[in-house]
Amino acid sequence: EPEVTQTPSHQVTQMGQEVILRCVPISNHLYFYWYRQILGQKVEFLVSFYNNEISEKSEIFDDQFSVERPDGSNFTLKIRSTKLEDSAMYFCASSPGTSGRGKNIQYFGAGTRLSVL
Amino acid sequence: QKEVEQNSGPLSVPEGAIASLNCTYSDRVSQSFFWYRQYSGKSPELIMSIYSNGDKEDGRFTAQLNKASQYVSLLIRDSQPSDSATYLCAYSVQGAQKLVFGQGTRLTINP
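Listed in order, the protein sequences are those of chains A and B.
Note that the first sequence covers residues 3 to 119 in this note's numbering.
Note that the second sequence covers residues 5 to 115 in this note's numbering.
Fair warning: there could be bad hints in the mix.
[Said to hold, decoys possible] Listed next, the in silico BS3-like pairs over lysine-lysine satisfying Cα-Cα at most 30 Å (straight line):
(1) 46/B / 60/B
(2) 59/A / 46/B
(3) 71/B / 44/A
(4) 46/B / 105/A
Hint data in this document are derived by calculation from the structure and do not stem from the laboratory.
Can you make the complete structure from the sequences, with help from the hints?
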C-alpha cells in the first residue's frame, strides 16, 4: 500500500541552526501538507502546497519556515534558525486532490521528531 | 471557543463493549469530518471520513454526523485492547485544505 515516507525519524539540532525535514508524498497525490504536534498537544496545521506553490499557511508558518518541492518526488520543510519551541513532531501528509469525496482525505507519514537543544 | 472540542479522557471501556467518542465543532461551514487514531508516539491514522448527516458504518466503526448540532461521534463496537489509543476528531472546510484537529480523546480498553 502506498505511504508517505519521512526522513529522518529523529533530528537533533542546536538552537539557531537550520534544519531540513524531508518527505516523499504518495505518488499521484496533488496536495502536500506539513503539520506539527508539540508533546502532549494537538496536531496543528502549518502549510499546504499545491501546484508548486503554497496554497494556505497558518500563523505558525512565519518567515523562519519554508517549503519546497525540489524534484518530482520530495517535499521539504526548512526551518532557518531553530528555536527551543520548535521542538515537536513534524508530520507530512498528502491527499489525492482529484474529484470525488476522497480527494480531501489526508494520509500522514510517520513523522520526524525534532529536538532543539 | 475552541474550534474542535473533545473530552480528553481517559475513557475506559471493558473489552467487548461499545466505546463512544464525541466531538463538537464551532465552524458552521465545516464540510468534511474525519476520525483519526493515534497510538502513542505515532502518526495519525485515518479511521473514518463522513460528509453527510447521518451514520456511516465501516466494520466495527460507526461515525455519526449532525451538522445542525455541530456534532460528530465515533462508535467502536466489540472494543479490543488494540483499540486503545488517542482518537482525533478533525474537519476541513470547503475551499480550504487544512485539517483542524481536536485535542483527542484517550481511550483505554480493559481486558
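Here is how each hint holds up against the structure:
1. 46/B / 60/B: Holds, because 26 Å separates the two Cα atoms, which is no more than 30 Å.
2. 59/A / 46/B: 24 Å, holds
3. 71/B / 44/A: Distance of about 23 Å is within 30 Å: holds.
4. 46/B / 105/A: 24 Å, holds
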